[in-house]
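Produce the entire structure from the sequences given, and follow the hints as far as they go.
These protein sequences, in sequence, are chains A and B.
Heads up: the first sequence is residues 1 to 639, going by the working numbering.
Heads up: the second sequence is residues 1 to 615, going by the working numbering.
Just so you know, the hints here were simulated from the structure itself, not pulled from any lab data.
Fair warning: this is a prediction, and the values are worked out from it, not measured in the lab.
Among these hints, one or two may not hold up.
[To be verified] Within a straight-line C-alpha distance of at most 27 Å, the following computed DSS-like cross-link-like pairs (lysine-lysine) qualify:
1. K76(B) - K333(A)
2. K333(B) - K450(B)
3. K318(B) - K151(A)
4. K458(B) - K579(B)
5. K288(A) - K87(B)
6. K123(A) - K255(B)
7. K576(A) - K613(B)
8. K517(B) - K482(A)
9. K254(B) - K268(B)
10. K255(B) - K151(A)
11. K88(B) - K125(B)
12. K515(A) - K593(B)
13. K583(A) - K604(B)
14. K22(B) - K472(A)
15. K613(B) - K560(A)
16. K487(A) - K604(B)
17. K255(B) - K125(A)
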Amino acid sequence: MFIQQLKNRKYFLGLLFFLLMINFNAFADNQKFGKVSLAEVQQKECAYYPDADAEYLISNGYLRILHRSADYFVHRRIKVYTDEGKNEATVKIMYYEPLNGQGENITSLKAICYNIENGELVKTKLSSADKFNERINEYYKEITFVVPNVKKGSVFEYSYVRNSKHLRYLSPWQIQFDLPVALTEFSYDIDANYLYKIYVTGNVYNIEDGKKAKDNWGFDSQRGTLKSEKVLPMPLEPYQPNTEDVLGKINFQLIKYFPTLEDFSSDYETLAKDLMKRERFGKLLNRKGILKALNLTIDAPTEENASLIYDYIQSKTAPSRFRNITSKLFGKKLLSKGTGSVTDINLTLVAALNEAGYDAHPVLLSTRGKGMPHPVFADIARFDYVIAGIKINDNWITCDASSNMPFGILPTKCLNAQGRVINKLGGEWLDVKKGKNASNAIVINAHIKDDTYTEEVNIRWSGYEAYSNINKIEEKGIDEFKEFLKKEFGEEIKDINIEHKGMDEPVNITFKYVKDISSEAPLYINPVKYGAKVENPFQRDLRFSGINMPYAFKDIVVYKLTYSDQWTFESPETKKVQMQDKKCSISYGTEKKDGFIQVISDLRFMETDFLTDEYDMLKTFYEAATSLNNEIIVGKKAK
Amino acid sequence: MKNFQLILIISALNFNVWATNKNSETVFDHTEITIHSVDEVIYERNYTVTILNKFEEDLNKVIVYYDKGNIIKELKAEVIPLQGKTKKYKKKDFEDWSADFSSVASDDRVLYLSVNQNNYPYTLKVSYLIEYKGSMFFPRWIPQRNRHHHVKEASLKINNLDGINLRFEHFNMNPPKKDSNGYTAFVNFVEPFEFEYYNQNGLDYFPTLYIIAENFSLYGNNGSFKSWQSYGEFQELLNQNSNNLSEQQIAELKKVASGQATVLEKIKAVYDYLQDNSRYVSVQLGVGGWQPQKAAFTHEKKYGDCKALSYYTQSILKVLDIDAYYTIIKAGKHDYHSISEKPNPYFNHVILTVPVKKDTIWLECTSQTNPCGYLSTFTSDRPALLVNGKNSELIYTKKYTEEENTLFTNSQINITDTEGIQVHINRTLSGIQLSESGLMHYNRLTAIEKKNQIDDLKTIKNFNINHFEVTDPTNEIVPKAQVNIKGEISNWFKSKSSRLFINLEEYFSEAELEFSKTEREKPVYIQYPFTKIDTIHIQHPANYVVEAGLKEINLDTPFGSYHVQQLENDTNQLSVIRKLVLLKGKYMPKEYKALKAFADEIEKNDQKKLVFKIE
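Structure follows, in structure tokens:
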């Protein structure tokens, strides 16, 4: 069946790779620029992905590194199937071109559109009126070209060369896109003076056995060709922030320049050691004078004092937009300006802590949405954020002074993947998600007296559940937050009281709900509510990427009902469901005595990351858990 | 089209009445506009604002827009922190960015400075001077930047050195006063506020002054805002030499509608041709921001922006002797009341008006997918300027009525002891109900996207869909489409249960009407009316007895009507019928209580459960 076919991920993600040692000029003749065939223009649909709006018939690249210069030759041939597909013919190429310093060049740009008119193949070339070049900001420019005469059925192709002298920061070769790719062939030819680590990332599966392809395929570091066919696109999916990671890519990472024996990071130890030697990173960490600038004297390296230093730096600095792994503005200068990058702020914090006698280090992160650092191949380009890590009594405390969070608590955006501690010894991995959780505890004391049903509710939000709500309370103000609660929990709730002391304390909320039940018979009560999970967030049948949640959570509801002997109640059964490996569980317990019913729902997610293969199980677990949380107790009154 | 500077970013649209949090406070703000001539206007602004907390996200940075016609001559800023030294910034300290990321090419740029501090309060002093080479777009004076901004006082002075005729439109403030040199305007103690539901019209909240030069200049082209007619004539003049189709191209285009008999059929053929032979690409350079590119260029290149594609379509229709008019409009779901009755330039889009016998149709020439003549919430039911030389006028685009925007749903629920619960849903959507559903272009999605979208739209809990189908929208001015879904409900833990609960809300279409506040300050706008009819048939085993059912509800109000009825027409079968009609209207705060009562009653009733006792 069709859906079964879709669910067969092997079919949909299959990528076929060959590793061949062939000459880079060996592209087949019909793959050359300008050699578009009549058959290609006549083609009506993408055979292996029939609904495609457009298809890359060819996505070829050739990277040549020679004499301190890298040339990236790009050639793409695109078939347009639908009106939407025509939009592919507006192409943007962003390139590095700082106002000061050496940038990249885009040269030899050409494009041709092919149509059939009166049975003949007609070519329309890109003219200068179709090309635009614009400065985006002080670092980047962008070329846009609009391929003319594109309609349904057209084939167009373009090619250009990107020249760069920044050999440490070569853009990866992208294999997978939001369109299907019929053929992608990529060759590289690297000057023997350079040593590059070449590896593949993304959801690349082997078509033969459906297993995920290994990343370290041992590509030749000098020369090679990678070819794959029928590469299918990847849909965007909820709970997977790192979309960029999901798409297949070939990465190039410079390790060594032989003439000077200059060693670039090849593994995480080397990367850490290298960073420690840099003027704008490691060398800053032992600078003195920040405590004095802060007007602070620290007597002993206690956790309390670390928190004090953190608070001082946090209150005196605010982050600017720019993110960079190295620091531009540090220490006293940063404190005086008040605005700096996240790196500026957190490196200043690390230096201040070191000055006060702490064992503090920068920790590199890749934030949610920016992908994950590779487990083996250290590439600084895959990090986008620096926080501070402090080791006290063998325990790591991590913090981000550019955020508004209290000491020791990271903002949610940082909870993505492992962080890398940077120190002279080579550093270590740090699980920044460890111990991070959100908790929602709801206690409902209900009773029936005469014709009135009353609930007295007490909610306690802790951890990340508290942080996000405290931000909301502070932003909206208490009155507006109460209004927000009414919208969430029902307009009838009253006597709302909100208690929150600070970011590191739980939020306590109490309110009352009263209902006249004189006309209600029978009485149906849903005991699990007020923010407990009653909806399954996983509605889709299909899943292609893994699931990455920022933190673990638990939802506990305790519902107690006391009633007079006029009433009889039926309650649901006690159940417990858990996912394999106890990654998540729910226990739903009921207890009934004379004039008393108690329901306890305890839902826990111990893990934050799930594999694609675990999706079905997770979805089923959630269905079961939310079914339990939707159970109803039924009360009847004696006549 | 271009929108002139001072782009207000209106954030989250929430509640009202409570004392709204104050994030920033202007203590001084003076703007001076000196008009030397229609070609030379100097704009000078000095302001001092205190940032009170971390939630201020606009005023904690300095953003000044410019383009080739508007040059920033002076710019400086000072940051005065709570403690410590004042920091001074000059023009060279600002970052220079492109201000328009949606266009392929644009002159719009911005100078940007982030002065974010984390120690509150701190104060920011900014002054700048811009030289405008034209007067078509005077900056609108809107001293309150966002809803959490408090303005102690702000003043405006216009030095009208050339004595040109100026016209003003003022909202939520006093009109400007005339003095010897020109005009002055002043506001003080402008309080923070909250946007209220069903009213996102900035002109209802912010003190705003439109400054309109009766005779203006744009890149050396002179025009007039004396009347809509004169503004239309100006646009006509900008357009006049753009139809340069060659004889050969005209001959080619003559074939587009060959074989079509009626005017409407010809228009449809032209629209099809346009959709097949063009695509939207935005290019906004110089006067090209207001002038369409030449028709022959569009024909040849097969791309253009809203101006180019509308103008090109007009040119094709002309080849076929069908009159059509270039029509300037303010597009956007919530922008239906942004253009006032008096001539002003605050439009952002162009469509085409084609008068047809009995009816007039409008063509959205940038869409590759719209049925011919369909406008959606983007441009329907609002004023627009029809450009037709001396006959230019303000017109109103098509309004879709509650009879045209409909959602009819038929759900068949079969409950059996052996096979669980089977559900079959048949739904017909039309007009704005169709385009807002996200299903208009469903069949253009890929197989994976289709399945994902159907799953994402599910409202029934634990519903596993095993068959789904959506028809293509009909090619009509009010398009229709049908949805057919079959599936089953996984019935967790219900096997031993003695009851079956059916949450009717999961089967009812969305009421789209919800008010949580008890008070109201601004009018309520219901712009897109509708009729929704849900019919639910439930077939159940004989041992299922209804323990709790529905009472009949009949609500007829000036805002619309709501009817619910439960029918037990056969053994082991019952039906629920719900009909909801929401009318178009603008309601003043005094009518709010009744409107809210109507909404609350719907919400309360929609949440009812149908309970079967299994005996």
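Hints and how they fare:
Proposed proximity of K76(B) and K333(A) is supported: the alpha carbons are some 21 Å apart, at most 27 Å. Between the alpha carbons of K333(B) and K450(B) the distance comes to roughly 25 Å, so the proposed pair stays at or under 27 Å and holds. This hinted pair checks out: K318(B) and K151(A) have alpha carbons roughly 23 Å apart, not beyond 27 Å. The hinted pair formed by K458(B) and K579(B) meets the criterion: a straight-line CA distance of about 21 Å does not exceed 27 Å.
Simply put, K288(A) and K87(B) have alpha-carbon atoms about 24 Å apart, close enough for the 27 Å limit, and the pair holds. The straight-line distance between the Cα atoms of K123(A) and K255(B) is roughly 23 Å, inside the 27 Å bound, and the hint therefore holds. For the suggested pair K576(A) and K613(B), the alpha carbons sit about 25 Å apart, so the restraint of at most 27 Å is met. Distance check on the hinted pair: K517(B) and K482(A) sit about 11 Å apart at the alpha-carbon level, within 27 Å; holds.
Under the criterion of a C-alpha separation no larger than 27 Å, the hint pairing K254(B) with K268(B) is consistent with the structure, at around 14 Å. Only pairs whose Cα atoms come within 27 Å are accepted, and K255(B) paired with K151(A) is accepted, the gap being roughly 18 Å. Taking the CA atoms of K88(B) and K125(B), the gap is near 9 Å; set against the 27 Å cutoff, the hint holds. Of the supplied pair hints, the one linking K515(A) and K593(B) holds, its CA atoms being roughly 22 Å apart against a limit of 27 Å.
For the proposed pair K583(A) and K604(B), the alpha carbon gap of about 38 Å is over 27 Å, so the pair is violated. Taken as a hint, the K22(B) and K472(A) pair is honoured in the structure, with Cα atoms around 14 Å apart against an allowance of 27 Å. The straight-line distance between the Cα atoms of K613(B) and K560(A) is roughly 25 Å, inside the 27 Å bound, and the hint therefore holds. A threshold of 27 Å between alpha carbons decides the hint, and for K487(A) with K604(B) the separation of about 14 Å falls inside it, so the pair holds.
For a cut-off of 27 Å, the pair hint linking K255(B) to K125(A) stands: about 26 Å separates their Cα positions.
Violated hints amount to a single one, hint 13; each of the other numbered hints is respected by the structure.
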